[in-house]
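Line order of the protein sequences matches chains U and Z. If you want this note's numbering, it's the 1-based position in the first sequence plus 220. If you want this note's numbering, it's the 1-based position in the second sequence plus 220.
Hints in this document: simulated from the structure, not taken from any laboratory. All C-beta atoms in this analysis are idealised placements derived from N, C-alpha and C, irrespective of residue type, glycine included. Take these hints with a grain of salt, some might be off.
Computed from the model, here is a short list of chain U residues facing chain Z with C-beta under 10 Å [what the hints assert, rightly or not]:
| # | residue |
| --- | --- |
| 1 | 295 |
| 2 | 299 |
| 3 | 302 |
| 4 | 304 |
| 5 | 307 |
| 6 | 394 |
| 7 | 435 |
| 8 | 615 |
| 9 | 638 |
| 10 | 712 |
| 11 | 750 |
There are 2 protein chains.
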Amino acid sequence: MQNAGGDHHDRGSIPSSAGTDTSVAAELATTNLKDDAAAAIPSSASDLKHPLRDRVLIRSILSRPDGGAALAGQRIRVLGWVKTGREQGKGKFAFLEVNDGSCPANLQVIVDSGKAKLGSLVATGTSVKVEGLLVAPPVGTKQRIELLVEEVLHVGPVDLAQYPIPKTMLSLKFLRDFIHLRPRTNRISAIIRIRDALAFATHSFFHENEFRLIHTPIITTSDCEGAGEMFQVTTMVGEAEKLQKGEVGVAAKPGIPQKDGKIDYAADFFGRQAFLTVSGQLQLETCACAVCDVYTFGPSFRAEHSHTSRHLAEFWMVEPEIVDADIQDAMNWAEAYVKYMSQWLIDKCHDDMELMDDKGCIDRLRMVASTPFERISYTEAVKILEEAVKGGKKFDNKVEWGIDLASEHERFLTENKFQKPVIVYNYPKGTKAFYMRLNDDSKTVAAMDVLVPKVGELIGGSQREERYEVIKERIMEMGLPLKPYEWYLDLRRFGTVKHSGFGLGFERMLLFATGIDNIRDVIPFPRFPGKADL
Amino acid sequence: MQNAGGDHHDRGSIPSSAGTDTSVAAELATTNLKDDAAAAIPSSASDLKHPLRDRVLIRSILSRPDGGAALAGQRIRVLGWVKTGREQGKGKFAFLEVNDGSCPANLQVIVDSGKAKLGSLVATGTSVKVEGLLVAPPVGTKQRIELLVEEVLHVGPVDLAQYPIPKTMLSLKFLRDFIHLRPRTNRISAIIRIRDALAFATHSFFHENEFRLIHTPIITTSDCEGAGEMFQVTTMVGEAEKLQKGEVGVAAKPGIPQKDGKIDYAADFFGRQAFLTVSGQLQLETCACAVCDVYTFGPSFRAEHSHTSRHLAEFWMVEPEIVDADIQDAMNWAEAYVKYMSQWLIDKCHDDMELMDDKGCIDRLRMVASTPFERISYTEAVKILEEAVKGGKKFDNKVEWGIDLASEHERFLTENKFQKPVIVYNYPKGTKAFYMRLNDDSKTVAAMDVLVPKVGELIGGSQREERYEVIKERIMEMGLPLKPYEWYLDLRRFGTVKHSGFGLGFERMLLFATGIDNIRDVIPFPRFPGKADL
């Protein structure tokens with residue numbers, strides 16, 4: 221079996237380091253290290269040196285345009301885990317493919333039997349820290365540089381009989397039972413890097429555009445109406461238990477159960493019922509209506525018994541709130557943000573993207589980064605779907621004006637009809653939340669959804685109703701009480717401004733970018749009904 | 221009363237825009253706008269123009285080295301809220317100090333009575349969007365540029381009789397009852413910008429140093445032992461309520477209360493008891509032991525009935541986990557990170573820092589950014605404290621080897637003894653968690669705390685016990701069950717590596733940086749016993 225990261229012919233002799241080219245030789249001449257001339261680190265080593273690390277990241281070697289070839293002759297330390305290893309040359313040498321998670325590629329590390337007990341090194345999963353010389357490999361091998369070990373500094377062994385993550389290809393489903401070890405596999409570590417890149421791209425995009433990050437609350441006493449079922453946060457259950465166990469120092473009246481069967485939330489930690497947030501939007505608006513453009517990037521929760529490949533009980537959401545923006549502006553910002561993230565991945569994560577099973581994912585990102593998104597009104601969308609039905613297309617859900625578009629409808633629009641991202645706007649007010657701005661037709665609200673191939677809805681947003689009388693009317697029309705929303709109404713009472721915002725499901729973006737099928741594989745610690753490992 | 225942002229003499233005539241200097245005239249000559257020569261926007265306007273905004277951020281005018289003077293002659297739009305406003309010249313003009321939250325300074329905006337009903341503009345809190353010409357103010361005024369309005373595009377009025385945030389100086393304590401409006405005040409909006417800057421500085425620091433961001437779970441079934449009381453996350457309480465109300469579709473067996481008085485967590489959402497995280501450390505280690513240096517930056521929770529100015533039930537924490545790092549390395553990283561944030565604020569938030577009541581805060585940041593942190597062992601720290609007691613210093617808590625250092629001890633060390641940040645390391649093992657690495661003396665563990673003036677403990681960290689046999693022993697020695705930690709032990713069983721990490725309380729860093737006294741004022745939506753507004 222060919223290993224992705226390296227290429228080792230059966231070789232019985234140590235590769236020579238004499239093959240260092242003239243540029244390295246020139247660099248060697250400029251060395252300013254005094255301790256050992258033979259081991260001198262050329263001045264370009266300053267690229268590799270970090271003031272707080274004595275090891276070198278494998279990425280900083282292998283991601284160079286020359287694959288690291290020009291570094292031949294340098295003495296370095298690396299640490300990582302053995303992906304594959306084998307003894308060769310009748311037990312004289314061990315060839316190890318070592319990965320440190322800094323990039324998908326492995327560094328080939330060669331240890332001779334004088335340096336360590338080779339049998340303890342070759343098991344997949346073994347950690348090693350070694351010091352050695354970077355050398356040019358023999359002509360004909362795939363890699364451009366390899367490490368000839370002079371000293372083995374650390375070995376963390378693995379008993380292969382016990383290790384649940386052998387080197388054979390494992391399914392993502394299988395790995396979900398080992399979430400503490402799956403980051404050691406190629407695809408999951410690539411997803412970790414892609415996720416990290418998208419998070420930093422997000423902060424970069426909003427900071428370049430002068431948005432302020434706001435930490436909206438996780439525990440909330442507000443309900444962002446209609447967003448979904450909520451988890452309750454309490455200290456009463458535990459106190460009830462402690463009380464039963466006869467522990468002292470527990471509140472005398474834990475609230476559960478009272479004699480009348482009701483729950484007395486005044487006895488709970490916050491003195492009232494509290495939940496995990498389903499969206500930071502309403503709270504975020506308080507800051508937008510003070511310091512203008514803001515965003516939040518935090519966890520969000522749904523206590524829904526969904527066992528699909530698209531839902532999590534805990535997920536991350538990016539929510540910008542933009543002042544002086546109408547629904548068209550919100551669409552412009554959403555499109556710019558998705559394009560920015562797509563381009564970021566193309567520029568910075570190409571190697572990781574190539575590891576994905578979905579070989580079309582890079583092309584999809586390129587398409588999204590360069591193609592204007594289609595924009596159609598909800599009414600137009602329904603017409604297109606109705607035409608499709610007339611043309612013989614079958615949907616499970618009925619198509620008619622007024623429905624909430626189902627996932628199959630959304631995917632038809634983006635994947636079949638337009639084959640690119642589609643923004644649908646101006647939805648029937650009956651399907652949407654009270655805070656969305658009523659259009660002049662009094663039938664629709666200024667809501668928009670961004671639909672992308674592979675995923676369907678990636679972003680949902682709206683222009684917010686900034687008119688005090690109108691929003692008050694809408695709250696009452698929907699049968700909601702005014703009192704819990706008084707603070708929200710204050711934003712319209714005092715110095716109201718036009719504003720819009722949207723929410724991007726961060727894991728949805730990851731599904732879209734990587735082509736991974738199941739959302740449980742793009743978050744490090746997935747939570748869904750019946751599962752919250754670790 | 222002198223207003224911070226502007227300076228308007230009683231003036232009865234419109235200031236002239238004839239004072240534009242030659243450089244602006246030169247720029248005007250290069251204009252490439254065709255619509256209206258008189259209103260031509262000089263080419264330097266491209267600095268101000270944003271492809272997705274038609275308004276200009278006030279910061280981009282006033283934060284220029286020349287205070288915006290060179291922009292005179294440009295036609296722009298701004299949006300913001302009136303800080304102070306008054307009519308002058310017998311009702312001919314309104315002078316408005318307008319703030320848009322992009323910086324602490326206000327833009328002086330002048331509207332004549334032909335453009336709007338001036339009485340509706342001058343109330344504090346009114347929102348306005350206006351278009352006009354930037355002009356040089358008369359000689360002798362403080363500001364370098366002001367806006368002469370040609371068109372009023374939007375007014376969001378305020379009824380001052382109802383508005384809870386008048387322009388008088390309000391105490392931070394008073395403002396805590398209006399968390400939805402307090403971002404409109406000078407100090408709270410400055411704190412929002414400082415908080416945003418520190419968050420971005422954090423991501424920048426760790427990315428520059430090749431750490432990967434990991435989203436550790438918020439809902440957890442693990443207990444990061446010893447970190448504190450936990451909130452429980454459940455859907456059973458609500459279900460019990462619904463059941464009582466006779467709602468259909470509710471789980472038949474909600475678990476609370478059972479007849480035997482016990483709680484059946486198998487009926488809960490995750491099939492077991494679940495909590496809000498107190499630290500992402502243990503989960504983060506799974507990723508560190510796969511892709512090396514990682515960090516998490518997320519919310520953390522403590523269900524403790526603390527009503528102090530230093531504790532929150534919900535707060536944000538930055539936790540890096542560093543592979544191949546011992547306790548000394550962890551100290552190096554912690555010091556580098558705190559210095560980086562301090563320098564970042566000095567460089568980028570000077571104006572906001574100057575708004576703080578604590579006039580020493582900028583000097584304190586400078587000191588921290590430039591002074592090496594003192595490093596002393598716990599044993600040395602106790603000796604110093606004992607000396608102080610001998611010298612007459614009174615502490616509420618007894619000083620002797622083996623105690624957990626109290627806040628008063630920590631602050632004495634950093635504020636009195638050394639007058640700079642102090643790192644205390646190697647604590648008695650009895651005071652610390654099982655995962656901290658046992659030192660060779662078998663009495664202490666490789667833990668460290670970073671203490672800073674004004675706050676005390678800012679960071680807590682440790683080298684993690686990477687030796688399988690030792691950590692297993694420690695878990696048992698502390699009377700903890702092994703089974704819940706089997707996954708954690710796997711990290712030591714399979715390819716173990718030396719690693720260290722720490723946690724920085726993000727709000728503590730804000731207290732330290734701003735000198736604000738109460739932690740409830742440095743988080744947008746504070747949660748503490750009895751309080752979870754919005």
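Hints, one by one, checked against the model:
| no. | hint | in the structure |
| --- | --- | --- |
| 1 | 295 | violated, 17 Å |
| 2 | 299 | holds, 5 Å |
| 3 | 302 | holds, 8 Å |
| 4 | 304 | violated, 14 Å |
| 5 | 307 | violated, 18 Å |
| 6 | 394 | violated, 16 Å |
| 7 | 435 | holds, 6 Å |
| 8 | 615 | violated, 26 Å |
| 9 | 638 | violated, 23 Å |
| 10 | 712 | holds, 8 Å |
| 11 | 750 | holds, 4 Å |
The structure does not agree with the numbered hints 1, 4, 5, 6, 8 and 9 stated previously, though it agrees with the rest.
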